[in-house]
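Protein chains: 2
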Amino acid sequence: MSMSQEPSLFDLDSAPPSPNSSGEDAELESVYAWFLSQKDYSDRFGEVLRKSIDEVLDGQRTGRYDLSVSKGEGRVEKTEKTYLGTKVEIVARAEFELGYGSPMDYTIEGTSVDAKFTSGSNWAIPKEAIGHICLLMAANDQKGVFQVGLLRTTMDTLNLGENGDGKRTVSAFGRKQIRWIIPNGKLPKNFLLDLKKNSPHILESIWGVSNGYKGSRNGGQARVNNLFRLLPGELLDRTTVVTVAMQHDGPKRVRDARGHLKSSGYIILGHLKPAPQIASDLGLPIPNKGSWVSARLTHVHEDDDRPSTVIDGLRYGLWREGDMTVTAPTIAT
Amino acid sequence: MSMSQEPSLFDLDSAPPSPNSSGEDAELESVYAWFLSQKDYSDRFGEVLRKSIDEVLDGQRTGRYDLSVSKGEGRVEKTEKTYLGTKVEIVARAEFELGYGSPMDYTIEGTSVDAKFTSGSNWAIPKEAIGHICLLMAANDQKGVFQVGLLRTTMDTLNLGENGDGKRTVSAFGRKQIRWIIPNGKLPKNFLLDLKKNSPHILESIWGVSNGYKGSRNGGQARVNNLFRLLPGELLDRTTVVTVAMQHDGPKRVRDARGHLKSSGYIILGHLKPAPQIASDLGLPIPNKGSWVSARLTHVHEDDDRPSTVIDGLRYGLWREGDMTVTAPTIAT
Numbered sequence: 433m434s435m436s437q438e439p440s441l442f443d444l445d446s447a448p449p450s451p452n453s454s455g456e457d458a459e460l461e462s463v464y465a466w467f468l469s470q471k472d473y474s475d476r477f478g479e480v481l482r483k484s485i486d487e488v489l490d491g492q493r494t495g496r497y498d499l500s501v502s503k504g505e506g507r508v509e510k511t512e513k514t515y516l517g518t519k520v521e522i523v524a525r526a527e528f529e530l531g532y533g534s535p536m537d538y539t540i541e542g543t544s545v546d547a548k549f550t551s552g553s554n555w556a557i558p559k560e561a562i563g564h565i566c567l568l569m570a571a572n573d574q575k576g577v578f579q580v581g582l583l584r585t586t587m588d589t590l591n592l593g594e595n596g597d598g599k600r601t602v603s604a605f606g607r608k609q610i611r612w613i614i615p616n617g618k619l620p621k622n623f624l625l626d627l628k629k630n631s632p633h634i635l636e637s638i639w640g641v642s643n644g645y646k647g648s649r650n651g652g653q654a655r656v657n658n659l660f661r662l663l664p665g666e667l668l669d670r671t672t673v674v675t676v677a678m679q680h681d682g683p684k685r686v687r688d689a690r691g692h693l694k695s696s697g698y699i700i701l702g703h704l705k706p707a708p709q710i711a712s713d714l715g716l717p718i719p720n721k722g723s724w725v726s727a728r729l730t731h732v733h734e735d736d737d738r739p740s741t742v743i744d745g746l747r748y749g750l751w752r753e754g755d756m757t758v759t760a761p762t763i764a765t
Numbered sequence: 433m434s435m436s437q438e439p440s441l442f443d444l445d446s447a448p449p450s451p452n453s454s455g456e457d458a459e460l461e462s463v464y465a466w467f468l469s470q471k472d473y474s475d476r477f478g479e480v481l482r483k484s485i486d487e488v489l490d491g492q493r494t495g496r497y498d499l500s501v502s503k504g505e506g507r508v509e510k511t512e513k514t515y516l517g518t519k520v521e522i523v524a525r526a527e528f529e530l531g532y533g534s535p536m537d538y539t540i541e542g543t544s545v546d547a548k549f550t551s552g553s554n555w556a557i558p559k560e561a562i563g564h565i566c567l568l569m570a571a572n573d574q575k576g577v578f579q580v581g582l583l584r585t586t587m588d589t590l591n592l593g594e595n596g597d598g599k600r601t602v603s604a605f606g607r608k609q610i611r612w613i614i615p616n617g618k619l620p621k622n623f624l625l626d627l628k629k630n631s632p633h634i635l636e637s638i639w640g641v642s643n644g645y646k647g648s649r650n651g652g653q654a655r656v657n658n659l660f661r662l663l664p665g666e667l668l669d670r671t672t673v674v675t676v677a678m679q680h681d682g683p684k685r686v687r688d689a690r691g692h693l694k695s696s697g698y699i700i701l702g703h704l705k706p707a708p709q710i711a712s713d714l715g716l717p718i719p720n721k722g723s724w725v726s727a728r729l730t731h732v733h734e735d736d737d738r739p740s741t742v743i744d745g746l747r748y749g750l751w752r753e754g755d756m757t758v759t760a761p762t763i764a765t
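Residue numbers (our numbering), protein chains in the order written: chain A, 433 to 765; chain B, 433 to 765.
Just chain A, same shape as in the assembly (with noise of 0.2 Å):
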């Protein structure tokens, strides 16, 4: 679903809460409570559509990060967007023990409520569900932002015209009655995207140095090594490495990349002590479970003005030019 004529959902002026007009929809009113009144519930919803995202890209098989290709290699086909609305109900259904509803997806206080669900600017709701409460979710990658709302589907709040499946958009004033449970979410952050679009020449260097490799497994380690290698410093999780190994046992390709790395002086930290006391020594971030960073190393004097840390009772810092290349130390993992 999208709709390149009418205005991006994100560029929107960033939506208000409707007002809670005395009682104007009861039922609205009290699904709206409760999300509210669940913990944490903004954060989940981010996982929640981050999970069902990385799911259907499914990165460990595919390599694939973007939802928006469409062509060549990495596509993401028709089917998988429009399963990525089912999967979203399904993770979001699982996440906050919602019921099955009847003949709509959810009973939330028990009122049907229909979950939909747009990776586009609008959704689309079907005959069957005008009338129902919709849980609208949104959520745009290249963005990094999602919105979470309720809106009754009415005559009103829908527009005219129906696309090939019968299914009818919200209207111009429908976005307006939205009861925003949450206005202006920060997506969990997809880190090869971000690289995309920020450093895609370092992307195209990961993935070139396994272009010489017949088949995926094979090329994965290099890659992975690569990753470490080019992107010292940076924080990254274990979508970004099963995506680049292509390869189910991303913590193993890391372990494997230590070996592969020693001898230029990388080191890679993971959440295990001593690492992370490492890290912090070192002025980089500092990895938890399933996330890990790399430093490129040197020797430095205790007076050398970098953060710097005692490993097996040598000195180090963070390599610059003109330093000396290091055989990196073997931290316990």
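Among the hints, a few may not be true.
Each pair may be met inside one copy or between any two copies, as identical chains are not told apart.
Claimed, not checked - Straight-line alpha carbon distances no greater than 25 Å define the calculated PhoX-like cross-link-like pairs of lysine-lysine that follow:
| no. | residue 1 | residue 2 |
| --- | --- | --- |
| 1 | 705 | 684 |
| 2 | 513 | 483 |
| 3 | 608 | 559 |
| 4 | 628 | 471 |
| 5 | 621 | 608 |
| 6 | 628 | 510 |
| 7 | 694 | 559 |
| 8 | 510 | 599 |
| 9 | 559 | 503 |
| 10 | 513 | 575 |
| 11 | 621 | 510 |
| 12 | 684 | 471 |
| 13 | 628 | 559 |
| 14 | 559 | 513 |
Keep in mind that the hints were calculated from the coordinates and are not lab data. The structure presented is a predicted model; accordingly, all values stated were derived computationally and were not measured.
Add chain B to chain A, keeping to what the hints say.
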């Protein structure tokens, strides 16, 4: 895609490989030879189909294990069935390291090949695939069978009529032309689906135990406890456990179940020593990684006719009606 007016694919006489008429379709034969040269290709296709079905069912979030449920709680939506074909295409590409094709799905031995999957009785071939080689895959989870074959889709091998999407099915003549890579594959077991077929009352007891709980998570442990209590001697895999738990961390639920079932005399054996030896001593299936088997134990004498095992100096055999209930021993895991 389900065509109930046609005979089920799996009801047909098991289709024998079609004769290799000398060079009739060199491209097709070259793709055929390539698949046959792949190590363990039959088991690997079985795993591809099993994994694809299980991932779409998403048991850990939904509790689902039956693709054929189309209504009510645990229903599988049409968009999910459609997407299953795409998932199979993705998982097969990754498993056999097939390249992307253009415009078709794959390139194999320099030839464009389109992937087509059905969980029904025929395949839907879109216009743009006509004239190309199709990798036809079919799986029937109810019957535990699958097939994989190759067909060049021509006017002769397709039925004349089109469905709503302008897709055409494989004709009776076409079926005879299929070059079978795997004419009669055995799908890896769907344990819960088999249980539904063979012992529905046990399945009801497992799920029924959590009826009093609010929210899936709270009841997950109770269901897993019941799973191991009601099915001693059965090898239970990770998919079964996470589906019953409706939680990601199946192994944790199993560990906790050990504590809950101990006083009733149940042990749960995993793949770590000494559990496999104990399973072997007791004549139980031997668990490998990601599977477990439970047993209800009682004390037995050395001259008892049952298989027995000694744990911490005490001899145990499988409990029978009338035996004493003992506290199960703790086994290092």
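Evaluation of the provided hints:
When the C-alpha separation of residue 705 and residue 684 is checked against a cutoff of 25 Å, the pair qualifies both within a copy, at 18 Å, and between copies, at 24 Å. For a Cα distance limit of 25 Å, the shortest separation of residue 513 from residue 483 qualifies both inside one copy, at 14 Å, and across copies, at 20 Å. Taking the closest pair of Cα atoms, residue 608 and residue 559 come within 25 Å of each other only inside a single copy of the chain (21 Å); across copies the shortest separation is 43 Å, beyond that limit. Taking the shortest alpha-carbon separations for residue 628 and residue 471, neither the intra-copy value of 34 Å nor the inter-copy value of 37 Å comes in at or below 25 Å.
Neither within a single protomer nor between protomers do residue 621 and residue 608 lie at most 25 Å apart by alpha-carbon distance, with minima of 28 Å and 51 Å respectively. In this homomeric assembly, residue 628 and residue 510 come within 25 Å of each other (Cα to Cα) only inside a single copy, at 22 Å, whereas the closest approach across copies is 34 Å. Taking the shortest Cα distances, residue 694 and residue 559 never come within 25 Å of each other, neither inside one copy (61 Å) nor across copies (54 Å). Taking the shortest Cα distances, residue 510 and residue 599 sit within 25 Å of each other both inside one copy (17 Å) and across copies (16 Å).
Taking the closest pair of Cα atoms, residue 559 and residue 503 come within 25 Å of each other only across two copies (19 Å); inside a single copy the shortest separation is 32 Å, beyond that limit. Within a single copy, residue 513 and residue 575 get their C-alpha atoms as close as 18 Å, which meets the 25 Å cut-off; across copies the closest is 31 Å, which misses it. When the C-alpha separation of residue 621 and residue 510 is checked against a cutoff of 25 Å, the pair qualifies only within one copy, where the shortest distance is 24 Å, while the shortest distance between copies is 31 Å. Taking the closest pair of Cα atoms, residue 684 and residue 471 come within 25 Å of each other only across two copies (24 Å); inside a single copy the shortest separation is 35 Å, beyond that limit.
In this homomeric assembly, residue 628 and residue 559 never come within 25 Å of each other (Cα to Cα): the closest approach is 39 Å inside a single copy and 35 Å across copies. For a Cα distance limit of 25 Å, the shortest separation of residue 559 from residue 513 qualifies both inside one copy, at 21 Å, and across copies, at 22 Å.
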